[in-house]
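Go ahead and model the full structure; you've got the sequences and the hints to work with.
Residue numbers (numbering that gives the first Met the number 0), protein chains in the order written: chain A, 0 to 704; chain B, 0 to 261.
You can take every hint at face value.
List of simulated lysine-lysine pairs, DSS-like, C-alpha gap at most 30 Å: (1) Lys75(A) <-> Lys606(A); (2) Lys249(B) <-> Lys627(A); (3) Lys331(A) <-> Lys261(A); (4) Lys664(A) <-> Lys249(B); (5) Lys70(A) <-> Lys606(A); (6) Lys283(A) <-> Lys539(A).
Restraint ranges, calculated between C-beta atoms of paired labels, are given here: (7) Lys221(B) <-> Pro275(A): 56 to 64 Å; (8) Pro199(B) <-> Lys664(A): 51 to 59 Å; (9) Ala517(A) <-> Arg257(B): 54 to 62 Å; (10) Pro275(A) <-> Pro138(B): 49 to 57 Å; (11) Ala429(A) <-> Ala133(B): 52 to 60 Å; (12) Asp51(B) <-> Glu277(A): 30 to 38 Å; (13) Thr161(A) <-> Asp51(B): 40 to 48 Å; (14) Asn273(A) <-> Gly209(B): 51 to 59 Å; (15) Arg564(A) <-> Ala247(B): 35 to 43 Å; (16) Ala133(B) <-> Lys664(A): 51 to 59 Å; (17) Lys601(A) <-> Glu237(B): 39 to 47 Å.
To be clear, the hints were calculated from the coordinates, so they are not data collected in a lab. Glycine residues also receive a C-beta, built at the ideal position from the N, C-alpha and C atoms.
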Amino acid sequence: MVGFYSSLLSSEWLVPGRNLFLTIHVLGIVCFAYIVAKRVVPLVRAQGDPRFDHPWTRLGRVLKFWLGQWKHPRYKFAGTIHILIFAGFILLAARAFSVLIVGVSENFVMPGLSGRTGYIYNLVTDYASTVVFLCMVVAGVRRLVFKPARYAVPAKYGKSHTPDAVFLLGLIAILMVADSLFAASNVAGHAQRGQPAEALATLSLPWMLQILIGSMPLATLWVLNVTAYLVHELTFYFLLCYRPFGIQFHVETSLFSIYFAKLERGRLKPVRWNVPDEHLDLVKSFGVKTFEDFTWKHMLDFYSCADCGRCADNCPANAAGRPLAPRFLTIKARDYAFRHYPVLGRANNGKPLIGNIYSEDEIWSCTTCGACEEECPLLVEYIDKIVDLRRGMIDDGNVPQSLQKPLKALESRGNPYGRMEKKRADWANAAEFQRSCSVKIFDGKSSAGILYFVDSITSYDDRMQSIGRSTSRILTHIGGGFGILGAAERDSGHEVRRFGEEMLFMALRDHNTDAIKASGVQRIVTADPHAYNALKHDYKDVPPVEHISQVIAREVKGGNIRFHRVENEDNVYTYHDPCYLGRHNRIYEDPRAVLDAIPGLKRVEMKRSRDRSFCCGGGGLMLFYEPKEEQRMGVLRVRMAAEAGANVIVTACPFCLVNIEDAIKVAGLEGEMSATDLTELVDQHLTREGCPEKAKELETTTCGG
Amino acid sequence: MEILVCMRRVPDTSENEIELNVAGNDIERDELVYSVNEADNYAVEEALQIRDRVGGNVTVVTVGGEDDEEVLRRELAMGANQAVLISDEEFSGSDGRGIATILKDFVQRGNYDLVLTGVQADDGAAQVGGMLAAMLDYPFASLVNSITVDGEKLKVSREIEGGNRELNEIDLPCVLSIQTGINEPRYVGMRGIRQVASVPISLLGASDLGVEKTAVGEVAAKVRRLDYFVPAPSKGAEMLHGRREENAHKVLELIAARGGLK
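Put into structure tokens, the structure is as follows:
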């Protein structure tokens with residue numbers, strides 16, 4: 000067996016062409032190095048981004064998302080094809096390099112690939128190149144005949160990407176055929192000359208080619224062998240140097256993109272890395288205004304995007320016909336980088352991105368739901384970029400009139416509605432409610448263990464105040480005492496920050512942090528996932544925070560909360576995952592466990608649920624923004640619930656409830672479909688032990704502890 | 000072009016619940032939040048856009064007290080070059096004519112090609128702009144909703160009844176009162192205000208301007224407020240008190256019932 004592999008590769012036939020092959024090698028490598036160096040130029044001019052920490056965690060993620068192709072099976076067919084191609088490429092890497100080197104040094108054997116290992120490796124790669132070739136055919140047919148909708152390029156974003164994609168598939172197919180033909184002609188030649196000829200893997204591409212050409216004269220085989228080699232070499236280097244001009248650059252960059260990918264969910268990047276809050280006033284310009292304001296990692300994302308369209312396919316803004324598709328946010332930036340940092344010629348930069356490649360509406364259209372990031376196989380980041388672009392617009396005063404009023408009101412009144420601070424706790428003071436439950440307002444003197452952080456919409460919106468009352472009754476039932484901040488509470492600032500108004504957010508955060516600290520509470524509970532995310536990820540030095548669904552689930556499990564039979568047994572319920580509870584914080588099971596604990600409750604799942612949940616239309620300031628859209632996200636969502644066979648949508652977020660209740664009306668489903676908050680449903684089904692009168696009495700005395 | 004914008008600080012109608020005070024002679028001002036009068040903000044934005052097109056300076060001025068520094072600073076953050084606060088105890092109780100007199104003396108000290116005011120203050124009577132023009136003997140156009148600079152003249156369009164527009168040519172220097180909607184005022188955030196926190200605001204009093212004391216203040220006021228009240232609903236007015244959606248349906252029904260919808 001020894002020498003089998005080397006005898007396959009050692010090809011005295013190539014000797015006459017050695018100088019030519021060497022020249023192509025050198026040219027190819029120099030070209031590639033030059034192009035890559037040019038591609039690195041903007042990354043060097045970019046903003047800093049500290050991504051060199053946690054090497055082990057990052058390596059683990061490389062194993063999972065890069066080598067393990069973790070996200071790919073989310074699209075079964077395309078994902079499987081990609082996994083096969085990726086595996087093929089990984090397996091074929093050593094073979095490709097061996098073949099390249101053999102042209103210069105005919106007896107070269109890749110270290111570790113001699114003998115039996117080499118023999119097995121050779122058989123495996125025979126199949127690998129066959130599989131990759133077949134995948135190219137399938138992918139090409141898919142692109143040209145079946146044309147999956149997510150690859151389409153709307154006219155406003157330029158020309159179709161299909162010709163380029165098919166061209167690249169074709170080049171890889173040629174590479175596979177050339178490699179196989181090279182091996183096949185070698186084996187055929189050896190055989191004809193009576194030299195030991197090893198078996199090619201049965202039914203593989205080289206095997207079939209060898210049968211085809213086996214009986215050809217030796218001279219023809221020689222021509223085939225040298226031609227196959229040359230085609231292989233030229234295609235290899237052409238691909239290598241062409242990839243940095245388009246979507247296949249991810250072959251080189253994905254490893255780095257995934258290694259340096261963001262580790263923390265739900266968190267936003269600061270305005271500038273390594274600039275503490277108190278020094279922000281010294282930063283001349285906020286956010287991203289020109290391309291060079293992006294961080295190097297964000298630029299790397301642009302290079303790494305493979306144009307698979309999964310982000311846009313899952314983007315609710317795109318589905319609703321808003322002028323935003325995450326895919327093109329990236330593609331446009333990459334094209335900008337290629338135009339302004341050309342491979343030949345000088346860099347020409349510094350133009351504002353808004354009005355040039357991005358429109359204002361495009362950037363305001365995002366609800367930061369995170370569906371795109373959840374889907375991206377390459378872990379491309381979008382929310383941080385959108386927020387950075389918004390920070391830039393805010394800094395330039397470029398803010399839609401519809402958002403200026405609520406922002407101003409948040410500045411002067413601490414809520415987007417411009418309502419008086421002293422009326423923030425009015426929902427808790429309603430006489431009817433106070434008879435069954437009195438809510439304590441922290442005054443800085445006495446303290447209770449738990450703070451219920453209400454936030455603006457639940458405090459002021461007539462309909463959403465019901466969530467505040469239900470939450471209070473549930474917390475009262477659980478016992479242990481709780482209170483609210485009342486007039487001292489300000490908006491959590493979650494959307495203020497995500498709309499790019501960092502300084503206003505900081506003012507709100509600092510005010511709330513002081514108020515929370517002054518209350519002396521040990522933990523915080525909120526029924527608003529946006530407030531939950533803000534307190535958990537945007538605030539520092541506040542007590543641990545839980546969403547009410549986590550608290551209820553725990554109490555249900557511990558037996559402290561029990562439910563009576565579902566009130567309307569004909570109802571079919573479905574749970575809508577709020578983005579900031581689900582995707583951003585991965586709380587998927589607790590609310591479902593609570594629903595399933597209500598005896599007799601029938602629950603169905605929508606097709607889009609858990610990490611593929613579909614945004615209701617967005618919270619906070621998004622309620623004030625007037626988007627350009629064909630239909631409401633909420634209407635699409637309500638139709639999904641109807642399709643699942645549900646007639647009650649349960650959610651766990653006041654903004655979801657606003658949007659879904661509105662959407663039910665817009666969709667004309669009033670009467671057939673309704674929406675409710677988890678806290679309302681729980682409140683309605685709580686079994687209050689003992690005689691009801693006594694329970695009520697008990698509540699009044701213990702409420703607010 | 001040297002542009003002056005006269006502006007005022009008013010209780011923000013979108014962020015306050017305006018209630019009458021117990022005495023019934025004013026609104027309850029204890030917990031009000033104030034902001035730049037909306038139309039004045041449009042006037043400042045228009046001035047900034049003209050300056051950015053043709054060059055020059057934008058000065059913002061207000062007659063008031065030290066609380067008014069807040070709104071001047073906001074307009075500095077928007078991009079105004081200078082801000083002037085005219086403040087004097089002598090001025091308190093001035094009526095519209097008194098304010099116009101003070102502003103006239105200020106304008107005459109400077110060298111302004113164009114003086115802009117908002118079309119009216121939220122709590123005002125839309126009178127200062129016109130009076131100021133008359134006192135200065137400048138041409139005046141009200142309800143202006145577009146401005147084009149054309150050499151020594153301006154082309155201004157005005158909103159007229161029925162949503163129509165007329166286009167006028169007007170000689171400089173002139174006074175224009177600016178209608179809301181003429182542009183989209185830029186946003187000013189906390190960061191912008193902090194960046195101009197140390198920019199000095201000129202403070203001028205009666206003696207600096209040479210204002211005749213008998214022409215301003217309460218003594219000179221010929222218009223006096225007698226009462227503040229909520230008008231009683233007249234007959235024929237039907238108040239709807241339901242939820243917004245219910246009200247919308249009710250309104251539709253009412254209009255249809257009276258033959259308004261065919």
